[in-house]
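Please put together the full structure from these sequences, using the hints given.
Protein chains in written order, with this note's numbering: chain S, 33 to 145; chain Z, 3 to 114.
Calculated directly from the structure, the hints in this document are not laboratory data.
Here are the simulated distance ranges between beta carbons:
1) Z:G18 with S:T44: 38 to 44 Å
2) S:P72 with Z:P83: 27 to 33 Å
3) S:G60 with Z:Q19: 43 to 49 Å
4) S:A49 with Z:D59: 40 to 46 Å
5) S:E47 with Z:H12: 29 to 35 Å
For every residue, glycine included, the Cβ atom is placed at its ideal position computed from N, Cα and C.
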Amino acid sequence: AQSVTQPDIHITVSEGASLELRCNYSYGATPYLFWYVQSPGQGLQLLLKYFSGDTLVQGIKGFEAEFKRSQSSFNLRKPSVHWSDAAEYFCAVGAGNTDKLIFGTGTRLQVFP
Amino acid sequence: DAGVIQSPRHEVTEMGQEVTLRCKPISGHDYLFWYRQTMMRGLELLIYFNNNVPIDDSGMPEDRFSAKMPNASFSTLKIQPSEPRDSAVYFCASSPGTSEQYFGPGTRLTVT
Chain S
33 AQSVTQPDIH ITVSEGASLE LRCNYSYGAT PYLFWYVQSP GQGLQLLLKY FSGDTLVQGI
93 KGFEAEFKRS QSSFNLRKPS VHWSDAAEYF CAVGAGNTDK LIFGTGTRLQ VFP
Chain Z
3 DAGVIQSPRH EVTEMGQEVT LRCKPISGHD YLFWYRQTMM RGLELLIYFN NNVPIDDSGM
63 PEDRFSAKMP NASFSTLKIQ PSEPRDSAVY FCASSPGTSE QYFGPGTRLT VT
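Have a look at this one:
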């Protein structure tokens, strides 16, 4: 069965520092992979997606993610974090031939000035 | 495009009352999903529709919950009777069929 693991529940970084949020998935074929961001009191917003092709994917708000099949990972990165990036981040994998998404448990990002 | 629209944004009701949450998906999207989010259980898929037909309702917690999609532009999630443990944020999302889902702003439900 498909699954997604986000090993970091809570991460704190200083504004301007680089960021990497980890995501590992379990899936038998080439997965569809997604990162979503949820600001307090808001819905989930799609940051970026990977379907196929180039393994380095660019998203909105300066985020990028790299698909590494050998490590079953899809880590999210940003070179310089802004205070407005403080939010909860969810990794998700497309569940095969359905349109369901399997979500990770989320990583809460806190940004200090 | 206005995105996924949900109403109401906040609902406070007393235990035993009926609650109806509403969702308007993005035009042209064939899939509609209902989720529930709580601190304890995270984000849970309740039910999803394809072309207005329920495909998987295995996440619906019990018979008190029901969902309908009478047409391509409207869906409801009903809880009858409501209980305090139903307090959560309920999200609707729609998809064009490529797995990527677009979420609404959510309805925060409080049952006292």
